[in-house]
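Asker: With chain A fixed as given, assemble chains B, C, D, E and F onto it according to the hints.
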Amino acid sequence: MDYGQLFAVVIGAIFISNFVLMRFLGLCPFVGVSKDSDSALGMGMAVIFVMTMASLVTWFVYNYVLVPLEITYLRTIAFILVIATLVQFVEMVIEKTSPALHKSLGIYLPLITTNCAVLGVAVVNVNEFMVTELPRNASFIFTVVHGLAAGIGFTLALILMAAIRERLDLGEVPESMRGIPITFIVAGLMAIAFMGFAGLKVG
Amino acid sequence: MKAMGELVKGIYKENPVFRLALGLCPALAVSTSVENGLGMGAAATFVLLGSNIVVSLLRKVIPSKVRIPCFIVVIASFVTIVELVMAAYLPELAKSLGIFIPLIVVNCIILGRAEAFASKHGMGRAMLDGIGMGIGFTFALVLIGGIREVMGDGKLFGFMVFGPRFQPVLLMILAPGAFITMGLLMGYFNLLDEKLRKRAEARKAGEGGR
Amino acid sequence: MHPPTSKEQSKDVGITEATLPERVVIPLRQALGAPAEPTVKVGDEVRLGQKIGEANGFVSVPVHASIAGKVAAVGRFPHPLGGEQEAIVIEGDGSEAWDDSVRPRDNVDALTSDEIKSIVLEAGIVGLGGAAFPTHVKLSPPESKPIDTAILNGAECEPWLTADHRLMLESPAEILEGFSLIMRALGCERGIVGIEANKLDAVETVRKALPGGSKIRVAALQVKYPQGAEKQLIGALLGRQVPCGGLPMDVGVVVQNVGTALAVHDACRLGRPLVRRVVTLTGNPMSRPTNFMVRIGTLVSSLVDEAGGLDGDVAKVVSGGPMMGMTQFTLDVPVIKGMSGILFLGPDEIDVGEPDPCIRCGHCVHSCPMKLLPTTIEKYVMAGQIESAVDAGLNDCIECGSCSYVCPSRRRLIHYFKFGKYLAWERKKAAREKAEKEKKGQ
Amino acid sequence: MQSVVARSMIALTSMAAIFGAILAVASRIFVVHRDPRVEQVLDLLPGANCGACGFPGCQGLAEAMVKGDAPPNACPPGGAEAAAAIADMLGGEAGEMVRKIAVVHCNGGLSNSVQRLEYEGIEDCRAAMLVGGSPKSCIFGCLGLGTCRLVCPFDAVELDEEGLVHIDRVKCTGCGNCVEACPVNIIDLVPEDVKVHIKCSSHDKGAAAKKVCEVACIACQLCVKKCPQGAISMDDNLAVLDHSKCTNCGICAAVCPTHTIVDGVKARPKAVIGGGCDGIGKCKEVCPVKAIEGEPGERHEIVREKCIGCGLCMEACPNKAINMVGALGHQRGRE
Amino acid sequence: MGNFLRLVGTLAAIALVASFGLSAVYNATHEIAEEYKRQEEAQARTEVLACEPTAHFVETLTDSVVSGKKFAYYAAYASEESDEVLGYTFKAYGKGYSSTIETIVGVDATGTICATETIFQQETPGLGAKVVEVASKNTLWDVLAGRAEDETGTEPWFEVQFDGGVLADLHVVKSESADGILAITGATISSDAVTNSIRDGLAMLLSIVGIEGAPGESSGAPADPPPGGTGAGEDS
Amino acid sequence: MRERLIVSASPHIREDVSVQKIMYGVVIALVPAIVGSVYFYGYRALYLTVLAVVAALVTEAIIQKARGVPVAIRDGSALVTGILLAFNLPPGVPWWIPVIGSIFAIAIGKQVFGGLGYNPLNPALVGRAFLLASWPVHMTTTWLPARGGTLSGTALHGIDAVTQATPLAVLKKVSEIIADPSSTTHQVVQAREALADLGSADTIVNLFIGRVGGCIGETSVLLLLVGAVYLMYRHWIDVRIPASYLLTVAVLAWVFGGPSGFFTGNALFHVLSGGLILGAFFMATDMVTSPVTPRGVIIFGVGCGVLTTIIRLIGGYPEGVSYSILLMNVATPLIDRHTRPKKFGEVKSSG
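Protein chains in written order, with the numbering used here: chain A, 1 to 203; chain B, 1001 to 1210; chain C, 2001 to 2442; chain D, 3001 to 3335; chain E, 4001 to 4236; chain F, 5001 to 5351.
So that you can see chain A by itself, here it is in the shape it has in the complex:
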């Protein structure tokens, strides 16, 4: 187990190639739910949870169903089925067992089904940790940790953006740039700032 490499995966997913700012994954919810900080935090937590869970489950599906049956070409359809079910299931469980948690976190779950960051993380996991020569147990840990880190990276970008947008809401952004356009400009500038992490040597 190479902990340095694992750490590098974490730093990479959060900062260097942040899912939102560098890989353009999960933009719809990034733009939609970054209007206020509280929703952003709730959404972020939900995404972290689902990304980790989805990484975990898809690893099993890939390694114990698709690979043995030699039908890896079905991974897209299998993964999305898994994610959709997972999200819906978790939402139902949370709504029933903990209304408070549902209010703060669960309501963001449906939004995640179609969050391409979740499917994205599953696909990236396959490309980076499963088809490579990593031993199986290592690939499992890398997959789950990567899912978690990618979720954290998404959440980081989301709450930073939410705080900025709350401030911009009180400002004088030109009429035509209000809302989504200025969000993209801010995202662009955030991406420029995040370029400072490029080439970070960790691990």
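It should be emphasised that the hints constitute simulated quantities derived from the structure, not laboratory data. Glycine residues also receive a C-beta, built at the ideal position from the N, C-alpha and C atoms. Nothing false has been slipped in among the hints.
Taking lysine to aspartate or glutamate pairs in the DMTMM-like style, the calculated list, with each CA pair at most 20 Å apart, reads:
no.: 1; chain 1: A; residue 1: Lys201; chain 2: A; residue 2: Glu128
no.: 2; chain 1: C; residue 1: Lys2434; chain 2: D; residue 2: Asp3069
no.: 3; chain 1: B; residue 1: Lys1120; chain 2: D; residue 2: Asp3088
no.: 4; chain 1: C; residue 1: Lys2051; chain 2: C; residue 2: Glu2122
no.: 5; chain 1: D; residue 1: Lys3320; chain 2: D; residue 2: Asp3278
no.: 6; chain 1: E; residue 1: Lys4070; chain 2: A; residue 2: Glu133
no.: 7; chain 1: D; residue 1: Lys3205; chain 2: C; residue 2: Glu2086
no.: 8; chain 1: F; residue 1: Lys5021; chain 2: C; residue 2: Glu2354
no.: 9; chain 1: A; residue 1: Lys201; chain 2: F; residue 2: Glu5176
no.: 10; chain 1: C; residue 1: Lys2070; chain 2: C; residue 2: Asp2100
no.: 11; chain 1: D; residue 1: Lys3171; chain 2: B; residue 2: Glu1194
no.: 12; chain 1: D; residue 1: Lys3067; chain 2: C; residue 2: Glu2438
Label-pair distances were calculated between CB atoms; the ranges are:
no.: 13; chain 1: F; residue 1: Thr5150; chain 2: E; residue 2: Pro4053; range: 47 to 55 Å
no.: 14; chain 1: A; residue 1: Phe60; chain 2: C; residue 2: Gly2245; range: 55 to 63 Å
no.: 15; chain 1: D; residue 1: Ile3022; chain 2: A; residue 2: Ile141; range: 23 to 31 Å
no.: 16; chain 1: D; residue 1: Pro3071; chain 2: A; residue 2: Gln5; range: 46 to 54 Å
no.: 17; chain 1: A; residue 1: Pro135; chain 2: D; residue 2: Pro3036; range: 50 to 58 Å
no.: 18; chain 1: D; residue 1: Ile3022; chain 2: E; residue 2: His4030; range: 27 to 35 Å
Answerer: Only chains B, C, D, E and F this time, still in chain A's reference frame:
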């Protein structure tokens, strides 16, 4: 006339990217060049068309509780078909679109249209809607891709535009360039919309006065 | 925060009695709370000190005739606190005789706490520092909140104003007696007179006037704005912080202005209701800055004439000090109980025009004595996010003006806070009405 | 090769079946009661959960719509169709009501009224009231800082250079926001079909009002006397119109010496005396603006410039010799 | 219960149909895709050994494992009977910015690189993708006006740099004046990925087949210079 | 007395300070460094600065005109942006670099958000980051040696690979050589000598005076400090930001920055080299983009320091000042949101 309307609404009035803010991820990720934009647009259009048709046909038999999973399966099937066919017959394009082909599945445009339109209309209109939206999506991708390719690489369709002395704005090819181009284009479309609306209002007021 | 004090003009000018006005306009609303109910009608003869308006509720005080004569009118007149308010106009007959109800007391030292409170109420005394809060209310804290310290506020941190300063120099003994009566009314043992260190002569004078064995001590305060604000004064003298949304009594303290102490003395010792006060007339356009002892209801215009008029262009007339005072659009407003001064500002002393955008320099944050974030609150109010503004401390703002004073962008911070408080209050009222309606509906 | 087909089919189908079963069972175990309207709205929404609305998914938007926190058109992907359907579903309460429109009862602009002070501060009438009151000498009048415009959600209020407020009768929905916000309470909701308005709120006595404003109501009572419907009365030096009685005849506006009453009818018909006139002069008696001339017994004439088209003469003429012509499409009052 | 079955049944039925359709498409296409890939690689192998025109027969050697890492290469002979090795080809995998770049490298019998060809990359167009870009003199306007010169057969300028290179030459530099592989402006990660993967592969090959120039001596190359064309001229 | 008096809310007097005054104060504070840049790099430095300033002013004016808002280029903010942008460029860049940088800085960095006071990121740094990403070759290789000194400010001891490098780039290079196990003994010895020289008194003095290569305005610590002291005296910059920033860098560089283990780094070298002084006093203190809360400014300064050190020590760039300030700019609204000071009389912070 009505059919025409369904077709062209996606280009400007209901452009999925600029107006509805859907399908943003591929719009930015794949728009590094016109070629990629066209390829992604074509792929998405095909999936849109296919899933719209199937969803429209199946709209009466699918119970609402499993509506979403069913739609997703349908869409994912079409995506996989595109993936397989592209790998076999257009391997170069498949290489450059990479990870974003499977992600067409979660392109909100497709599920959105399947839900909002195809599951409520007959096959004919659903087809037209699919094609219209696809064209709008492709248009957006080509527009963004063109801007980024010209400014960031000095090229269009892989050919130099400005000659060898041009020093391209590398940022435009990088992630920030995509965001900023998108933001400015959306802002521009808003401005355009405002202008058109004002003009229409003025015309209406003029008519009313007479 | 150290705005220029600008007190040189009038601090050495002794208090002079203004000539008896021929006509006074006495607004029925003198203090916070409900206006008084008039008890006279047009044509009635009134004597000096006679009650002409009855208190109307707990937070309300009576008003008294400040000259003898005939009631000429009861109606709406311009009010120094803005807009028009109900007032009683008395045409004077030149008589200086007090009403029969005014009788000096010789048993002052035997007065009980309750007696003092009722005398104060009957005399119509309010805080003369500017806020004009009814004094009897302040003297009657609930039993759950025992008062251990009374503070006499002689800080007078507002620039330009010298009314309190002169009063302390000229009537220290009376003020101290008034203060002792206040302490007795509150039943507290400790009394502190807080005076800013730029008035060392006043510190000296008051100290000298202290009777032997007094429980009162005099403290010289650091010169800074707003040192004289209640909460800041308590913090500076006792190191206690009045809780947010709370009153000084929550930390066992009551603060009274020196003018109020004099009024308490006059009421208890001489039996006189509050019919006069000291007003500083100052500002660069004034030909002779003056400290006047003025009858309540005297029109400012007549005072200005008496002080020799104006010899410069005046762009703003402020009732009170430049930091918290209220602008006037006419000089035909009467002196009210809470009016500590009239300040005239020339066109080059004020700034006009649109403010610049906020550059988030944070000067307002550093200057805020309440440790709020004025820039943030302002933006919330501007955006109509009143709840967020209240969360951020809108209602804790004491409107001292420090933030606006230091703002390089000349933002209208205080105006927005006043406005925000108004909107918050409106909202609360609407919510309450809605709730009541729903209750009725059920 | 067949085996790939078989493997794929078995794997995918069984996965779908298992997941479907899990969901079906879970939905039964973890059933939570929801507002049925939310479900209905949810059905009308696209269900893409794209987040374009800013709410947490379609469920969140549906709940907000039901609660009234989001307008029916808050879903961009759903487009106009979904919006219409949702509005239909949720908007059953509107019922039939007389449409009302906000009217500002002041016409004293910068040039025809007196200003008493120069206001420096927040452009909002309420804020101005906090620091010293109205800039106008008339304390009843419009402050002209546009609070009503700020609070109007429909962009229906305009402020002109005179500092006067105009309400766009098409855009105004009668929501009453401006009525509540106006610190001097000079805005009022008036039935849409009343088009004659008394544009003053001053309770000052005639002379005092006239001194500070050229278009103030001076309480001369002319309108009260001339109104054929008895719709105008005097309340503390101010003319007040009873909307339920007004027929928009416009007589009051024509007789008002200070032009305080404004006739909002765009075009009025004119009376024309036809051949049936026998000169009995009834019309001349009733004409409020003295627009009829003629000797008794002779055919009378209308002075077109003076005629305001109120139609009183037509009603008064026993010979039915008078007709109202012009102003095509104009409707007379509410019959 | 009927409802339950209907839910599950619908979903399963759709999945059944979908999987049937998909597997049919898969059957029809995956052979073609794989065949294309095989041919592409085979062709690339021949092309990168163009400097040894007599080499026309390439044989797979079994995978070797060197210090825990798998490595596979092909040896080229003049004919099936010949046992004189004319050259070698191997595939180098370099982790670039957004993909693993695969390059086929041809090496002659002395250990000098003959030619290289990048067969797979998904790097950013305009940046990392320039590893396979052909420097064209033709502008869009030339093409539109029909003035374009024929440029078929031109090699990408980045790949050409490796031709004739030996192990010691394989390090990335950022200015044209220095010796080494000139990095692509703004795409140092991709440049490094290709160069380092070729260097590592070559070193591995040399040590396996026993040509002089062991890995230890290749150290003149800097270790992972920073990306983004940033460092203030760290390179010579 | 006037016919119509002015009525407004209190207070009725104002301190004699304005946005314009502050902005021109910053310009005045930058004048010594401008003069220094002309001395060290010749008139080209001034030429580039003027280009940047003119481009910034013209862009601001054009956009404000197009937006239909009053043209406010006199407020001096665009002037400051232009100067700071030029200060962040190597002295040998082509003329169009400062022009395009200024246009981007003003248009995308500032005006698109509504102009002065609303931009979340420091426009000058946005401009610089844009240029660095777009034309990395120009931005990293066009250094000029300073008059009276050298490019690297120190002896190189045969580290031939770094003839074009600024002190920080030399540091990065030698650290890499030392850390690289494949380096020859000779190389390591040379690198250690060079490293020792970097920390020598001579180099430190060179850095302090400005006799080293670097961006136009960042080299002379002495001249920058002169301006900074003026600004601090006028209370126009918040001292806590540069103080916490520099302290953090110093401590972290000392602890982690050494080639031979913890607590061997040269804090002084790190503080004086690169754009740290310029960044800490003139860019991190940009009022618009830094927090306003008392705790927030400390967090901001420390955050800048941590990020700068991380990028310098293990990042892909030799210098990390501009990126770390940009990153902390991004975090500023979040910091402000969570560091609201305790109100006077607030019994317990309610969360």
